[in-house]
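**Q** Here is what each chain is made of, one letter per residue.
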Amino acid sequence: MTPSSTTDSTTRIPGERAAVVWGIIATVLVVTSTIGVFLVAPEDADQGVIQRIFYFHVAIALASLVAFAVACVAGILYLRTRNDRWDDVGEASIRIGLLFSVLVVLTGSIWAKASWGTWWVWSDPRLVTYLIVVLIYAAYFVLRSSAEDDRRMRYSAIYAIAGFASVPLSFYSVRVAESFVHPVVFTTSGANMPDSMLIWFVVSLAAMLALFIALLEVDLVGRRSERALRRLALRLENA
Amino acid sequence: MSGGYQYVVAAYAVIWFLLLAYVVVLGARTARIGRQVEAISRMLDRRERTGGDEDGA
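Protein sequence lines correspond, in order, to chains A and B.
Be aware that the first sequence starts at 1, since it is given in our numbering, and climbs by one per residue.
Be aware that the second sequence starts at 1, since it is given in our numbering, and climbs by one per residue.
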């Protein structure tokens with residue numbers, strides 16, 4: 001098994017180095033935040049140990065909203081430039097954002113069961129509006145599979161931009177309707193927690209954002225590799 | 001509310017499981033790309049050996 005003379009082992013796919021660097025950063029931050037959340041952060045006097053779900057639950061929720069924001073920006077850039085690269089960024093961001101959203105719903109549901117004694121509260125605007133956001137972004141993939149080539153990319157970009165309107169709706173819903181069960185930790189007057197907890201929340205948030213970037217970079221490198229391979233295979237068939 | 005460890009464990013287990021599953025999916029795609037590269041590389045080697053007579057079909 002000798003490497004072929006036609007393949008250059010030093011050639012890198014664009015973004016490969018960034019994927020490795022962000023992967024390392026994400027791993028370090030996730031491990032650090034896990035240690036901090038379980039071993040260093042103080043126990044909440046009111047909720048006890050179950051409050052530890054908060055650190056990753058809220059961090060992943062915010063990272064999912066960032067992912068949808070990235071998809072929205074990528075959609076705008078695609079419509080302006082018609083560059084496939086932005087379609088890739090948009091789809092990968094929504095895929096990761098959706099993964100994070102499912103995690104938020106599942107961990108939130110577990111936390112709700114532990115804290116409120118029920119898995120879900122349909123009368124709470126934060127829970128319901130967030131579920132709507134998840135369903136809207138899940139429908140993005142149905143739309144993508146229903147069109148081809150340029151139309152698919154154009155429709156996806158428009159949907160990603162329009163779908164982002166649901167994000168502020170979810171974010172501000174609990175602030176507009178105050179008398180519901182879902183707590184509001186971050187207000188305009190600051191965080192509703194001591195600094196010893198806040199620091200580990202910030203580390204967890206950084207970890208989830210780094211994880212999002214790392215997964216995005218890996219996804220994009222995979223897409224570029226697949227595209228390059230398809231082009232190469234086509235050239236070989238026609239040669 | 002001194003108990004509730006099982007809920008914390010369940011929440012973090014869900015997070016780790018789904019993230020790991022996603023990484024496995026990405027890994028499977030990378031492995032598929034690797035196999036395709038290998039196939040193209042073999043095709044090129046065969047062509048070089050046969051001096052381009054073989055069309056690889």
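Be careful, since some hints might not be right.
[Stated by the list, open to error] Computed from the model, here is a short list of chain B residues facing chain A with C-beta under 8 Å:
1. V8
2. A10
3. L26
These aren't lab readings, by the way, just hints derived from the structure by calculation.
The beta-carbon is built from N, C-alpha and C at its ideal position, and this holds for glycine as well.
**Q** Hint by hint, note whether the structure agrees.
**A** Against the structure, the hints come out as follows:
1. The interface hint given for V8 (chain B) is met, as the beta carbon of that residue sits about 5 Å from the closest beta carbon of chain A, less than 8 Å.
2. Contact between A10 (chain B) and chain A, as hinted, is supported at the beta carbon level, the nearest pair being about 5 Å apart and thus within 8 Å.
3. Taken as an interface hint, L26 (chain B) checks out: its beta carbon lies about 6 Å from the nearest beta carbon of chain A, inside 8 Å.
When held up to the earlier numbered hints, the structure conflicts with none and fits them all.
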